[in-house]
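Colleague: Sequence:
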Amino acid sequence: MAKLLSAKGADAKARTPNGETVLHAAAMIESTSLMTALIEAGAEISLANRDGETPLHWAATTGTFLAVKALADAGADLNVQDASAGNTPLHAAVSHDDIVLIHYLISKSVRTDLRNSAGLTALELAKGRGRGSVKLFER
69 MAKLLSAKGA
79 DAKARTPNGE
89 TVLHAAAMIE
99 STSLMTALIE
109 AGAEISLANR
119 DGETPLHWAA
129 TTGTFLAVKA
139 LADAGADLNV
149 QDASAGNTPL
159 HAAVSHDDIV
169 LIHYLISKSV
179 RTDLRNSAGL
189 TALELAKGRG
199 RGSVKLFER
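Heads up, the numbering used here is the position in the sequence shown plus 68, with the first residue counted as 1.
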């Protein structure tokens, strides 16, 4: 597919006026085959939009686990903080009480001490929202 994209003149690094890439969209809809093709065609996994959100942020926010895993396997920084709120993918997973994603990120040894712009770690965010995910941090 990467060859087809290149042959058709697709630009894996093209951006919208807000800075999103096709990889952002592919991550959001969990199109892992397109994500793989884009990465093979030169898409940069760490490019952030104007809000400082990477494709990984979008995947974590929408709960597309396979997209998060694909980006992690491709070397994405799992501790990246967005520019607008300082949230990490773990903060996003906690915000949506995505137990599977929280467990996965913790198993990948993400930093749980990072604070967002409100001064909250992901655990503090979970406690403040009364989320069941608090138990995952206690393991």
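It should be emphasised that the hints constitute simulated quantities derived from the structure, not laboratory data.
None of these values were measured; they are calculated from a predicted model.
Built from N, CA and C at the ideal position, the CB exists for glycine as well.
Keep in mind that the hints are not guaranteed to be accurate.
[Claimed, not checked] Below 25 Å or equal to it, Euclidean Cα-Cα: the simulated DSS-like pairs (lysine-lysine) are:
id : residue 1 : residue 2
1  : Lys195    : Lys176
2  : Lys176    : Lys137
3  : Lys137    : Lys81
[As the list claims (entries may be wrong)] Computed beta-carbon distance windows for the label pairs:
id : residue 1 : residue 2 : range
4  : Leu134    : Ser114    : 29 to 35 Å
5  : Gly187    : Asp79     : 37 to 43 Å
6  : Asp79     : Asp181    : 36 to 42 Å
Colleague: List in ascending order the numbers of the hints, as given earlier, that are violated by the structure.
Modeller: 4
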